[in-house]
Amino acid sequence: MSPQTPPTPAETPLIGDYAESSAALTGARIGVVTFPGTLDDRDAARAVRLAGGTAVALWHADDDLGDVDAVIVPGGFSYGDYLRAGAISRFAPMMTSIAREAQTGTLPVLGICNGFQILTEAHLLPGSMIRNDHLKFRCADQVLRVENTSTAWTSQYTDDELITVVLKNQDGRYVADEETLTRLEEEGRVVFRYVGSNPNGSRNDIAGITNAAGNIVGLMPHPEHAVEAGYGPDDAVGMRAGTDGLTVFTSVISSLTSSGAAL
Amino acid sequence: MPRIVVEVMPKPEILDPQGKAIASALPHLGFDGFSGVRQGRRFELTVEGEVTEGILEQARRAAEDLLSNPVIEDVVDVRVEGDA
Chain E
0 MSPQTPPTPA
10 ETPLIGDYAE
20 SSAALTGARI
30 GVVTFPGTLD
40 DRDAARAVRL
50 AGGTAVALWH
60 ADDDLGDVDA
70 VIVPGGFSYG
80 DYLRAGAISR
90 FAPMMTSIAR
100 EAQTGTLPVL
110 GICNGFQILT
120 EAHLLPGSMI
130 RNDHLKFRCA
140 DQVLRVENTS
150 TAWTSQYTDD
160 ELITVVLKNQ
170 DGRYVADEET
180 LTRLEEEGRV
190 VFRYVGSNPN
200 GSRNDIAGIT
210 NAAGNIVGLM
220 PHPEHAVEAG
230 YGPDDAVGMR
240 AGTDGLTVFT
250 SVISSLTSSG
260 AAL
Chain R
0 MPRIVVEVMP
10 KPEILDPQGK
20 AIASALPHLG
30 FDGFSGVRQG
40 RRFELTVEGE
50 VTEGILEQAR
60 RAAEDLLSNP
70 VIEDVVDVRV
80 EGDA
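Chains as they are written, first to last, in numbering that gives the first Met the number 0: chain E, 0 to 262; chain R, 0 to 83.
The hints are simulated quantities; they were obtained by calculation from the structure and are not laboratory data. Note that this is a predicted model, so its numbers are computed, not measured. Where hints are given, some of them may not hold.
Some chain R residues well away from chain E (every beta-carbon gap over 10 Å; in silico) [to be verified]:
{"no.": "1", "residue": "Met0"}
{"no.": "2", "residue": "Pro26"}
{"no.": "3", "residue": "Gly35"}
{"no.": "4", "residue": "Arg37"}
{"no.": "5", "residue": "Leu44"}
{"no.": "6", "residue": "Thr51"}
{"no.": "7", "residue": "Ile54"}
With a Cα cut of at most 25 Å, we get these calculated DSS-like pairs of lysine-lysine [unchecked claim]:
{"no.": "8", "chain 1": "E", "residue 1": "Lys135", "chain 2": "E", "residue 2": "Lys167"}
{"no.": "9", "chain 1": "E", "residue 1": "Lys135", "chain 2": "R", "residue 2": "Lys19"}
{"no.": "10", "chain 1": "E", "residue 1": "Lys135", "chain 2": "R", "residue 2": "Lys10"}
Beta carbons: idealized from backbone N, C-alpha and C, even for Gly.
Could you build all of it, start to finish, from the sequences and the hints given here?
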């Protein structure tokens, strides 16, 4: 056979066009960051749309946040979890821009799973995640108690509401020194706490926390996987019918529209 | 070419589940002389040419900023080694 120019492979977009077919109910624009190895960016973007917002794709190598009103750092295995989960991603230009805006205490930022790990590596949230105490990857429905409903991401939950979302990770064990744990507890900055058996050995059963200003929230479980009946955790209504995670996304959109930021 | 070796260990107060798993596997192989294991990391940074004090200082900063997470880990050694 004579050598031929190989066919050009169909271009697979590395980053989704979330704007398509969006009929957003509000003007809230929520950025969703994609790193190499991110898995849950499309799920997070879909959760934003289902909640009535507009999802905006943000690429890790860009540094322009555009006109987004809030940012989600989604889950996955950015940079293959090489070195430590989130250790390399935190130096991405987009993370530098997010950190600058988030540290003013106004831009709502949510880190889910690997996103939470990135926020701790970036020192935007205290503590760190290490290997689960049982050393296994765990994927299961998990009950959480929402203990802080004053953040932008939890404002529509009721105090101490129990929710069920998916937990899936291997490095999910939250650790921090005693002083940090005491401060988190005293200041009411534990946002989500594991209920039932502790799934990974996290200190104080902590599943998610917020910063002092309350605009940055990180959690290991995945609210974006519990937003649509048929694809969520099992609940009293039926198999995979759970949508308890959707309130995270309606909360932030509600906070943004009521504060006028997105109008 | 010389290398700069950086060694990072989990902080003493941080439980090391991987080390614990290794410790529990050792007796099964007949290695019964060890009461504990802690697992760390070793990095080898290759240098073209001479290791100046400036390059060594860069390695120390990289060890603190990227190679370790000060919340859970300590940099226990940064040293120069000759050709392998």
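Evaluated hints:
no.	hint	verdict
1	Met0	holds, 23 Å
2	Pro26	holds, 18 Å
3	Gly35	holds, 16 Å
4	Arg37	holds, 13 Å
5	Leu44	holds, 14 Å
6	Thr51	holds, 25 Å
7	Ile54	holds, 20 Å
8	E:Lys135 / E:Lys167	holds, 10 Å
9	E:Lys135 / R:Lys19	holds, 14 Å
10	E:Lys135 / R:Lys10	holds, 22 Å
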